[in-house]
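*Asks:* Next come the chains, spelled out residue by residue.
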Amino acid sequence: MKLSEALSVIQRAPVDARPFPVLLACGFSPLHLENYLAAHLQAVLPDRKVRILTGLYDDLAGTLEQFDPANAQAAAIVIEWSDLDPRLGYRKLGGWGERVAANILETVEATLSRLEIAISRIPVSLKVALSLPALPLTPAFHTSGWQASGAEIALRELVAGFARRLIAHPSVLVLNEQRLNERSKPDERYDLRADLHAGFPYTLKHADALGEALAALIVPPQPKKGLITDLDDTLWLGLVGEEGHDGVAWDLASHAQLHGLYQQMLGALADQGVLIAIASKNAPEVAERALARPDLIVAREKIYPVEVHWDAKSGSVERILKTWNIGADSVVFVDDNRMELEEVRAAFPETECILFPKADYAAGLTMLRRLRDLFGKPKLADEDAYRLESIKQNRHLADVTGNGDLAEHFLASAEASIGLEFDPPATDRRVVELVNKTNQFNLNGVRYTDAEWQQSLQNPDCFVAVVTYQDKFGPLGKIAVLRGKRTADRIRIDTWVMSCRAFSRRIEYQCLSQLFQRFGAQEMSFDFISTPKNGPARDFLSALAGEPAAALTREAFTAKCPKLYQKVIQKHGQ
Amino acid sequence: MDNKEAKLIKVFQTVFPDMHPEKISAASQESVPGWDSVAAITLMNVIEEEFETQLDFDKAADLTSFQEILGYLREVQPNVAQL
Numbered sequence: 004m005k006l007s008e009a010l011s012v013i014q015r016a017p018v019d020a021r022p023f024p025v026l027l028a029c030g031f032s033p034l035h036l037e038n039y040l041a042a043h044l045q046a047v048l049p050d051r052k053v054r055i056l057t058g059l060y061d062d063l064a065g066t067l068e069q070f071d072p073a074n075a076q077a078a079a080i081v082i083e084w085s086d087l088d089p090r091l092g093y094r095k096l097g098g099w100g101e102r103v104a105a106n107i108l109e110t111v112e113a114t115l116s117r118l119e120i121a122i123s124r125i126p127v128s129l130k131v132a133l134s135l136p137a138l139p140l141t142p143a144f145h146t147s148g149w150q151a152s153g154a155e156i157a158l159r160e161l162v163a164g165f166a167r168r169l170i171a172h173p174s175v176l177v178l179n180e181q182r183l184n185e186r187s188k189p190d191e192r193y194d195l196r197a198d199l200h201a202g203f204p205y206t207l208k209h210a211d212a213l214g215e216a217l218a219a220l221i222v223p224p225q226p227k228k229g230l231i232t233d234l235d236d237t238l239w240l241g242l243v244g245e246e247g248h249d250g251v252a253w254d255l256a257s258h259a260q261l262h263g264l265y266q267q268m269l270g271a272l273a274d275q276g277v278l279i280a281i282a283s284k285n286a287p288e289v290a291e292r293a294l295a296r297p298d299l300i301v302a303r304e305k306i307y308p309v310e311v312h313w314d315a316k317s318g319s320v321e322r323i324l325k326t327w328n329i330g331a332d333s334v335v336f337v338d339d340n341r342m343e344l345e346e347v348r349a350a351f352p353e354t355e356c357i358l359f360p361k362a363d364y365a366a367g368l369t370m371l372r373r374l375r376d377l378f379g380k381p382k383l384a385d386e387d388a389y390r391l392e393s394i395k396q397n398r399h400l401a402d403v404t405g406n407g408d409l410a411e412h413f414l415a416s417a418e419a420s421i422g423l424e425f426d427p428p429a430t431d432r433r434v435v436e437l438v439n440k441t442n443q444f445n446l447n448g449v450r451y452t453d454a455e456w457q458q459s460l461q462n463p464d465c466f467v468a469v470v471t472y473q474d475k476f477g478p479l480g481k482i483a484v485l486r487g488k489r490t491a492d493r494i495r496i497d498t499w500v501m502s503c504r505a506f507s508r509r510i511e512y513q514c515l516s517q518l519f520q521r522f523g524a525q526e527m528s529f530d531f532i533s534t535p536k537n538g539p540a541r542d543f544l545s546a547l548a549g550e551p552a553a554a555l556t557r558e559a560f561t562a563k564c565p566k567l568y569q570k571v572i573q574k575h576g577q
Numbered sequence: 005m006d007n008k009e010a011k012l013i014k015v016f017q018t019v020f021p022d023m024h025p026e027k028i029s030a031a032s033q034e035s036v037p038g039w040d041s042v043a044a045i046t047l048m049n050v051i052e053e054e055f056e057t058q059l060d061f062d063k064a065a066d067l068t069s070f071q072e073i074l075g076y077l078r079e080v081q082p083n084v085a086q087l
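Sequence order for the protein chains is A and B.
If you're matching positions, the first sequence starts at 4 in the numbering used here and goes up one per residue.
If you're matching positions, the second sequence starts at 5 in the numbering used here and goes up one per residue.
Hints listed in this document are in silico derivations from the structure and should not be mistaken for laboratory results.
Treat the hints loosely; a few may be bogus.
[Unchecked claim] Below, a list of computed lysine-lysine pairs in the DSS-like style, where the Cα atoms sit at most 30 Å apart: (1) B:LYS63 to A:LYS208; (2) A:LYS208 to B:LYS11; (3) B:LYS63 to A:LYS305; (4) A:LYS52 to B:LYS11; (5) B:LYS11 to A:LYS475.
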């Protein structure tokens, strides 16, 4: 992005929009990094007005120590070598060479400790994007440029240890140096002229790349939830219908390693909770024999459902989406056949369709890295491991739904229990994550940053309830969040989301029942706003109260509430 | 107005979006409240980008009006004055 484009993006921000203040903490003059960070954030937050707060020049630690977290939604912390010791920059003349190397290391260690304490004190509700020193070290060391000196290695070791400790902090996200290197070549980052004249050490190109990367850490794209893959010449090399289940390959010796790597990637994605399904045109019994091979790298039980037949793949995708109960925009479809990709794309334009590049190794590597970007999550949660099992359970439930007696028996014998935790600690980031990523059973679609969510809880009448669920088939983890205010004998719910994995278990009824009982309320109202996707929430509320935004009396709820079988365990978090 | 002047007006509009377009050609550090040291550096960097040139920062610090900047650009880029 050119600087003029960045300025234009900032100027086009809606004037009256809700502000999105972000601290940019750096020891140098923020200048164009401020512009680029604002522009990249504004581009992904078109309904907000991004505002960058800056701190003290030449005092990064002081900026962090004086920072009031209540003023910002997030923080971008950019450390350069000169922040750790001015002798590692070009604006001070404190000496270079072996004579001062040991003293520089001592200073760097002490400064990193100070920074670590300051960063650790930032509340967990505030997302922190941390960029480690990215400029080349000055020629301050006794070795020639192609030989690493002990001091340089020790400096990098100190920074790596600092980052390793901070990454355990729930809200700190460290910028990946490898990705930054791809977007901005290390030897094209430093601008001596701008550093000496304006105190700004970066070239515009690097400021752009760094601003973009920091914005991606602060407002990451929603990770995709599922991947639907073809089989022949995709999951494996060869046509299983022609070569037989022993004839297809995914190993190095058969020149099929790219397929093996793809399977390995699918296995890793499945382990982190990504749903994997198959859509293939084949004879099902032949494909199943190949999928049953013990050397398959992605575990067979991690793949569900499997659509293998000769019908159109768009139909397969439609059924898979229904089974998973997620939107087409949450999945990726991978196939080696362009025609199949186009057929699926035409039916589901929101789905990302990726061509599996059979013989193009460079494109294959690009694809594997693209998959990491599409499915990457900032931190893993326990719930990620439960996703596939809960979908398989839902399938059991779907099989009996429609038959009233069977469904009732299923629910009655499920040995279900619901945990209701009121006012959970701020460290529980799954709460806001669930609010922000749930589309279908979502009262109004309003999204929050961690900081906004925590600020809204300051009202003493406000409560938050986090719902966990498990039954004899296993746990679903945290599956619902409700937030509301109580006044006298009324409750007003302004946030209510429930994971689609938890549908058809009457959990929504139990939630309302528990709230009526806990607060002795006689009436409940809902801040319902219709969104393109929240039909399930609308239908549920309409069935109870006539229309989704109507007040619901306890009497009316009791009359319409079906029998509830779950055991309920209440807990108070704070 | 030549293309160079039109291009410089566009640069000023980008850096000083609140300035009335008709007043740009008479703009100076004294007449534009937002023309501080940060804006001056931003202006120089946007000019460098848009005119694909590198300015002499020591000299550029003395360029305190639209007309002075235009004159400087015509001086350092005479061959592309009519692009």
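*Asks:* Would you mind marking each hint as holding or not holding in the structure?
*Replies:* Going down the list of hints, with the structure as the test:
For the suggested pair LYS63 (chain B) and LYS208 (chain A), the alpha carbons sit about 24 Å apart, so the restraint of at most 30 Å is met. A hinted pair counts as satisfied when its Cα atoms are at most 30 Å apart, and LYS208 (chain A) with LYS11 (chain B) qualifies at roughly 22 Å. Restraint check for LYS63 (chain B) and LYS305 (chain A): not satisfied, since their Cα atoms lie roughly 66 Å apart, outside the 30 Å limit. For a cut-off of 30 Å, the pair hint linking LYS52 (chain A) to LYS11 (chain B) stands: about 29 Å separates their Cα positions.
Pair hint LYS11 (chain B) plus LYS475 (chain A) does not hold up; C-alpha atoms about 71 Å apart against a cutoff of 30 Å.
When each numbered hint is compared with the structure, violations occur for hints 3, 5.
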